[in-house]
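Okay, here's what each chain looks like letter by letter:
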Amino acid sequence: MGNRLGRIITAIFFSLGLFFLSLMTYCSGKQGQTEEGSNLVGASEEVILHVALWTSFPTLDWQSTVSHPLPQAMLPVFEGLFGLSKDFVPVPELVLDWEVSEDKLKWTFNIRKGVKFHNGKELTAEDVISSLKRWRRVSPRGVMFNHLREIFAEDKYTIRMFFDQPIGRFLLLILAADESKAVIMPQEIADSSPLGGALNEIVGTGPYRFEEYRTEQYLELSRFEDYVSRSDPPDYHSGRKEANFDRIIFWIVPEASTRVAGLERDEYDIVTRLPDADYKRLLQIEEIDPIITVPALLDYLILNHRKGLFTDINMRRAVQSAIDVEEVSRCMMASKEFWTLNPSIYPPESPYNTDEASHYYHQNDVAKAKDFLRKAGYDGEAVKFLVLRDEPEIYRASIAIGEQLKAVGIEVDLLIYDLATWVAKRANPDEMDMFISKGYWLDPSLFHAEFGGRFPGWFISAETEAVFDKLAMETDFEKRFVLGKELQRLFYEKVAFINVSYHYGFKAKRSSVKDPENNLSRGNLTLHNVRIDR
Amino acid sequence: MRSETRRFSPICRYLRNRLFLTGMIILTPMILIAVFAPIIAPSDPLEIDAVNKFQTLSREHPFGTDEFGRDVFSRVVHGATISLRVGGLTALLTAIIGVFIGLASGFYKLLDAVIMRFMDGLMIFPGLLLGILLMAALGPHEFNVVLAMTILYTPRIVRIVRGAVLEIKTQDFVDAARVIGVSNIRILWRHILPNCLAPLIVQVTFGFAWAILVESGLSFLGLGTPPPAPSWGNIISDGREFIRNAPWLMIFPGLMISASVLGLNLIGDGLRDILDPRLRNIRSQPESTAG
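Here the protein sequences come in this chain order: A and B.
Using the numbering used here, you'd call the opening residue of the first sequence number 9 and step up by one each time.
Using the numbering used here, you'd call the opening residue of the second sequence number -8 and step up by one each time.
No wet-lab data here; the hints were simulated from the structure.
Some clues are possibly wrong.
[As the list claims (entries may be wrong)] Facing chain B, a subset of chain A residues (Cβ under 7 Å, in silico):
id : residue
1  : Ala285
2  : Glu335
3  : Glu411
All values reported here derive from a predicted model rather than from experimental measurement.
Yeah, the Cβ is synthetic: ideal placement off N, Cα and C, and Gly gets one too.
Could you build all of it, start to finish, from the sequences and the hints given here?
If you want it as structure tokens, here you go:
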């Protein structure tokens, strides 16, 4: 009797299990179908671009953060008064034309008429003013507006700025730079989001509108049908922009090997931040185009100028003499295509690139380093070297430099942290002696943000401040170039930081993705005018 | 008859156990490698040779070279030292601490309630999760790894020892000792502890294996022995990015981890069979009762 009951119960459970199993298969099968359908789109169906990014966004407030990969996802959504051109010089984006007074104190900008925000509102001077005021407050680069005395709307489409000190063409670069960009948003949103990192709504004027962000999963954009494009030829951030996709989905894929595999399986059309060890292999695959991106990123060793061992110039010089840039670069990058030796603090793509004071660069001189250590009276105290684990290139550069410093007799404590801890520790003068960071400065004035006493490392000197002041006023390129050289010489002489390598970025796309202006080979993703031919 | 032959020689008894023997055959070379690492390794495991990076297997570099041009064979050999040192230290520390707490907890009823609730609390958390937490709090250092893993593993030792104590303290010889006026400490030390040793040794062996595995896991996550020290987990973690292009970076340390953990587990199983025949009987019992 009991036996039969047992059998019945077993049968019921078994059939229930089977039912759920088939239900699951059915559902997943359906999902697979739609997924496949979207990949094999015809003319009538939605065209979706799948992009794989390497990490998620702590905030969607582009004005307030220099962190990547936010610019990649926000460039299609937002526009600024100016954008960067193919040669990384500022070109008008929302601005129609502008003029500046003789004394470089009064600037007038006329914005384009009839530009629509994603919420349907027309762009006016008031929106620009509110956005720029917000940017000045929340952006780490807002300090560059220190001498802005007044900003006001002359009429619906004209903005005037009055400065206390003359300001040159550099102003345009401030407005165009794509890290913590001075993007323009509707006045009511700018005014109601006073805090950096907390933007109430993502509304811009770009060719794509923001749809949805699922933390750690994806960010979705859709085509903005009422986009008003410029009519001049496409020029990186600016010029004519066409939105060729119905939707763009940025997938958050932290594991590099997963991004590569996804690209090879045609799950993603464009993938960012690939390990360069895969370059040669991807080059062999016909359906995949590997892309080496410019400008080159400067990897630089920052020393603590405020506290500890490296307040002594001889200690800094010892480190400067010890570095073998070529070895560091080889350790950082797997293929030769991805690094270059260059003594300048400006990337090879910058017009300011110069070999001024290059005898301080790539010395690899153990005897000289030991000599400086003796002069400094170094007693074997361990150097606190903060190492960021999340960025493989920086991590490997740190390990290599650690070994090079040990070779000249400097004791090194490699302290390896995740991004959040690393950022917190580097901001504390007691817990940091050195760390490696990376970036690119296309214009000498841009160095002021990091080397004006505020950024960790806290380098500041009267001589460089004087050069920065001159640079802010100077508009003539030839004279600026001379000042740029002067700045480079001072940085080297005072060992403000140490160049340890220049490396290039690496992304890849399916060859079905067409990029007529070759914009994908420049820093960030610029997805307008990109299309898919399947 | 059989029990007589087994009693014949203690060493013979160990060697007759196939599990134990296999485990020893696997583990002994590991220990020798770990001890004589500086002699065996052909080059400095930290020496960077950027020009010769990603060399495949050759006579000069039997396990190839890594992304810094460091000799992977030397790194794996030195990794044995680190991994076995960390594992062994953890096993030793957990044994010492576990025995003290376990004895106290099993013998004194009042302490028992407090200690065991605390131990239960520690055991609630999944090991690796708590390990990550502890490492984040303590900071990256080799001894901190040992410390974190000791905290994680001690509760298991405590439970084993306490269980044994609870059983032994009701036995007649303990009562007899008490009756003739032997002090509690002496009873614990002379009469109870020696009788707990068998299950303790078995558990500590498993703890050793567990520690090697967890250390590798933590290192892989970037929270274990701080690089550039070549612990096996570190080598695997660094090689992860190059798995397509230089698989040898992950294969060899991976094999070493598997082999050492397998060896230790086999030894543990073997020891259990040898030291505590009752457990073997229990293992065969369920089959008869189930039928």
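Structure-based check of each hint:
no. : hint   : result
1   : Ala285 : holds (5 Å)
2   : Glu335 : holds (5 Å)
3   : Glu411 : holds (5 Å)
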